[in-house]
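Asks: Sequence order for the protein chains is A and B.
No gaps in the numbering here: position 61 of the first sequence is 43 in this note's numbering, and each next residue is one more.
So the number in this note's numbering is just where the residue sits in the second sequence, counting from 1, plus 142.
By construction, these hints were calculated from the structure, which means they are not laboratory data.
Backbone N, C-alpha and C define an ideal beta-carbon position, used for all residues, glycine too.
One or more hints might be untrue.
[To be verified] Below 27 Å or equal to it, Euclidean Cα-Cα: the simulated BS3-like pairs (lysine-lysine) are: (1) LYS527/B to LYS199/A; (2) LYS462/B to LYS409/B; (3) LYS527/B to LYS122/A; (4) LYS549/B to LYS199/A.
[Claimed, not checked] Partial selection, computed: residues in chain A whose CB lies under 7 Å from chain B: (5) SER36; (6) TYR39; (7) SER165; (8) ALA167; (9) LYS199; (10) VAL208; (11) ASP212; (12) PRO214; (13) ALA215.
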Amino acid sequence: MIQVQARTEPSTLMTFASPFLAIVLTLIFGSLLFTALDKDPLQALHVLLILPLSDAYNISEMLVKMGPLLLCAVGLALCYRANMWNIGAEGQLLAGALGGSTVALMFVDSNSAFAMPLTLLGGIVSGMAWAGIATLLKVKFNSNLILTTIMLNYIALYLLIWAVHGPLRDPEGFGFPESALFSDATLLPVLSDSGRVHLGVVFAIVLALFAWFLLAKTHLGFKIRVYGADEPAAIYAGYNAKAISWFVMLFAGALAGLAGVSEVAGPIGQLTPNISPGYGYSAIIVAYLGRLHPAGAIVAAIFLAILYMGGDLAQIEMGIPIAVVGMFQGILLFFLLACDFFIRYRIVPLREKMA
Amino acid sequence: MSETLKNQSSSPRLELLNITKQYPGCLANDQICMRLMPGEIHALLGENGAGKSTLVKTIYGVVAPDSGQILWDGHEVEIKSPSKARDLGIGMVFQHFSLFETLTVAQNIELCLSRSQLHSIGDLAERIRDLSATYGLNVDPDRFVHSLSIGERQRVEIMRCLVQSVKLLILDEPTSVLTPQEVAGLFTVLRKLSSEGCSILFISHKLHEVTEICHNATILRGGKFVGDCQPANETPATIAKMMVGDLAEQDAGYEKAFGENIVFTAKNLSLAAKHPFGTTLKQINFELYKGEILGIAGVAGNGQEELMSIISGEDSRTLKNTLILDGRDIGTQSAGLRRRNGLAYVPEERLGRGAVPEMSLSENTLLTHSRGFVQSGLVNWKAVKEYAKSLISQYSVKCHGEFSEAKSLSGGNLQKFIMGREIGQNPKVLICAHPTWGVDVGAALAIHQALLQLRDQGAAILLISEDIDELFLLADRMAAVCDGHLSPVVRAEETSIDQIGQWMAGTFINESEQQEALA
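Could you put together the complete structure from these sequences and hints?
Replies: Laid out in C-alpha cells, this is it:
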C-alpha cells in the first residue's frame, strides 16, 4: 500500500523537475490523442515539436510568436507573485494593438522619426489604461480581479472589432474590416533578412531580464514577493499594498500593450480583427510553466511558441485541426498543476504497524 | 492526598505503555509511559515542543500512535477517533475553543451528543442547570455563546464534557486565558470533580498552579519521559529545574526603572470595532516615558489587538491628534512612516505576520529593517546577510544559518530573532505583544533580558501580555484593559495581582463612570 505524506520542506528537486515531468506526461497523452484521431503519433509529435526548429525560417517564425507570449507572461508572473490574479493580458494586448494603431494611422503618409516611438507609446499607454480599469475596481471596491479582467478581455475584443469596422477602417479598402497599411516609418525594424524577427522580440527578452533583476535585486521587487507570499506580514512591515497592486498591474498592462502594438506594427503591419491567437491566455500557461520566474518564462515561452508553430505546420502537413493545439496546451497546464502537488507532498509505502 | 487516592481504588483508570509517535523529521513521543488513577489530578509538564500536545491528542483519538498500548480500566483499547474517546468517557477542553458563537449554550452542547445520549438525558437544558448548580459552573443554557466571556466559554466546554458523564477530563493550558479570580473558580470545579472520582489531566506552563492543585506530575523533554514528582512536595522552582535545568532561577528580581520624559502619548483614543465581534476602543489615555516598560494586562479579546493595530498603523484608519510620538502627530501617518519615525512592533503572531514563513532569515531581516541596506532602490543583499548572521549569533537563534526559512525555526527561536530585528532598529517606542507566549524558559529569559536592556538604553516599551506573572516581573508601571476601556495606570510596586485581576474583570469601569457623573 502507499500513502501520501506532507513533506517537511518543499522539494527543490521537484520544483524544477515538475515542468519536465508535466511535459513528458503531456507527450504521452498527446500521442494517445493523435492515435484516437487516426494520425501517426510519432509523425504528429515530430511535426508539432521538431519541425518548428528545423530551419532558419521556422526558427524565426517561432521567435516572432515567442515575443508576445513572453511579454505577456513576464507581466503576469509579476502579478501572480503579488497575488494579483490578472487574467486580462489578452484584453490588455488587444487594447495596446488598438491604441497603437490609432497613433500609427496618424502617420500613414509621414516619414517622421517619431512615428514608431509614438506608436509604441500609444500601445503601452493603452495597455496600462486597460489594466488600470480593473486595478481601480479592485483597489477602490475590492471587486474580484479574475472576473473583471476576463470581462474586460471581451470588451477589448469587441471594441477592436467595432474600430476596424468603423472609425479605423481603410477608406480605400473595399469595405474589408481592416485598417490602412502602416507607413514604413511606423513599422518595427526587422533584424535579419531571411525572417520576420523584429525589434519587439528583443524588447521581450530585455524586459524579461529586467523583471528578473527587479525581483531579485530591488527593494520594490522584494516588497512584491513579500506581499504575494504573506499579505499580513507586508501590512505589518508597513508596505503600501495599494502601490504594489498598482505597480504590478500597470507593469503587466504596459508589457501586454507593448506585445499588442508590436504585433500590429511588426509582422502584421495593419490592424485586423484577428491579431492574437490567444497569446494573452497562453501566457498564463507560460508564466506557470516558467515557475513565475522571468528567466523561466523565456524557456517556457519558447516551448509554447514551438507548439503554436507546430500547430500551424500540423494543420498544413497532416490536416490536424488547430483546436488540437489548444487541447495540447490544456493538457500541459493540467499536468503542470498536478505535478506541482509533489513539491509539497510525497508518496511513500505505507509502513506496517509496529507491534 | 496521594495516600487517600491509593485507597480509593487499586486499578488505574488509564495507563499508557511505550507510546511512540514519529512525525516527519521529529520524534514527538518516544516510549512514553504514564498512569492515571481515578480521581487523580495529574499534571503534564514540559517546554514547548516537548510532546505534551501529541500525547494528549493520542489519548483523545486525534492522533494515532505508531506503537505502544493504551489501557483503559485495565483493558487494552484502540482509540481511533474523538467520538470513540467520548464513548469511553474521555472529555477534552482544547486551548482554542470549538464553539459556535451564533448558537446558544444548549445548542452547542446538543451538537456533540449522539441521538441515544440525548434520549437518555431527556431535558438537556434542565440537565445543564442541574450540573451547573452542583459544580458551581454558573452556565445558563439559553445564552448565546458570543455574549459569553472567555472564562464562561471555557466552562461551557467543561459542561459539554460533564453532560456525557466524563471519567477523564483533559485540559490543555486551561488557565492561560483566565483572570486570577476565574482560575480560582476553575480550581474549585476541578477539585469537586476529582473528589467524585473523575481523573483530570492538566497541561500548564504555570508551575505554581501545578503545585497548588495537582497530585502527581509527569515531565517530558524533547519527546522523552524525564521524570515524575508529587508537586505538593516541590516548589515551582524545583519543578522548573527538572524541566529545563536552572535557568528559571535567573529570570527573577529585575530592578524597576522610571522615566521622566514623555515620548509617546495616546489621547482620548476612541475607535469603533472593525468586525462584528471586535472590540470598540473607548477613551483610552496613557503616556509612555523614555526608559520604562508599561505593562497592559487583560484577558484576550478586550481590545489589545485593536489597540496595537491602531498604534502600529496596521489599522489604516487615521486619527488626528490622538497619537503623539516625540512631539509629532503620527495618527495620520502610514505604518511604514511610523516605523521610520522610530516605532517598532513585535506582533503576537510570529509566523505569517512577524515573519514570512517561506522566506529566509536574511529576507525576513529586510522585511522591517531596510535602513542602510537599500540604496537608490537596490538591496545590498551581502550586507543584509551579514547583519542577519550577527542577529542570529547575538540572540543565540538556533537555526542552520541566515538562509534558513522562518518556518523551520521553533516558536521561541523565531521570537528571539524577531525581537532582535526590532530592537536592532533602535526604536524610540517598542510595542511588544505576548513576547514569551508558548516560548520555553530558556528563550523567555533571553527575551526578558533583551527587553530590559532596550529599556535601560532609553527606549519606551509598551508590553501587552496575558501573563500577569510576566507583567509583574518586567513592567515598571501597569494598567489593564477590559472591554475596550483602559484602567488607571499605576506603579507596579504599588499594586497587587488582586487589584490588576479585578481591573481585568472591569471593576474600574463603573468607578470611572461614577466619577464622571459626579464631576
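Asks: Under 7 Å, Cβ to Cβ, is where VAL208/A needs to be relative to chain B, so tell me if that hint holds or is violated.
Replies: holds, 6 Å
Asks: Quick one, is the SER36/A hint okay against chain B at 7 Å, beta carbons?
Replies: Violated: closest Cβ of chain B sits about 43 Å from SER36/A, beyond 7 Å.
Asks: Mind checking the CB of ALA167/A against every CB in chain B and telling me if the closest is under 7 Å?
Replies: violated, 36 Å
Asks: Hint validation: ALA215/A versus chain B, beta carbon distance must be below 7 Å. Holds or violated?
Replies: holds, 5 Å
Asks: Is LYS527/B within 27 Å of LYS199/A, Cα to Cα?
Replies: The given pair, whose Cα atoms are some 14 Å apart, holds under the 27 Å limit.
Asks: Check the hint pairing LYS527/B with LYS122/A against an upper bound of 27 Å on the C-alpha distance.
Replies: violated, 38 Å
Asks: Does LYS199/A meet its interface restraint, that is, does its C-beta lie within less than 7 Å of any C-beta in chain B?
Replies: holds, 6 Å
Asks: Using the nearest Cβ pair, does SER165/A come within less than 7 Å of chain B?
Replies: Violated, about 39 Å.
Asks: Going straight from one Cα to the other, do LYS549/B and LYS199/A come out at no more than 27 Å?
Replies: Holds, at about 23 Å.
Asks: With a cut-off of 7 Å on the beta carbons, see whether PRO214/A makes it to chain B.
Replies: holds, 4 Å
Asks: Straight-line Cα separation of LYS462/B and LYS409/B no greater than 27 Å?
Replies: Between LYS462/B and LYS409/B the Cα gap is close to 10 Å, so the pair holds against 27 Å.
Asks: With chain B as the partner, please determine if TYR39/A meets the hint condition of a C-beta pair closer than 7 Å.
Replies: violated, 42 Å
In the structure shown, a violation is registered for the earlier hints numbered 3, 5, 6, 7, 8, in ascending order.
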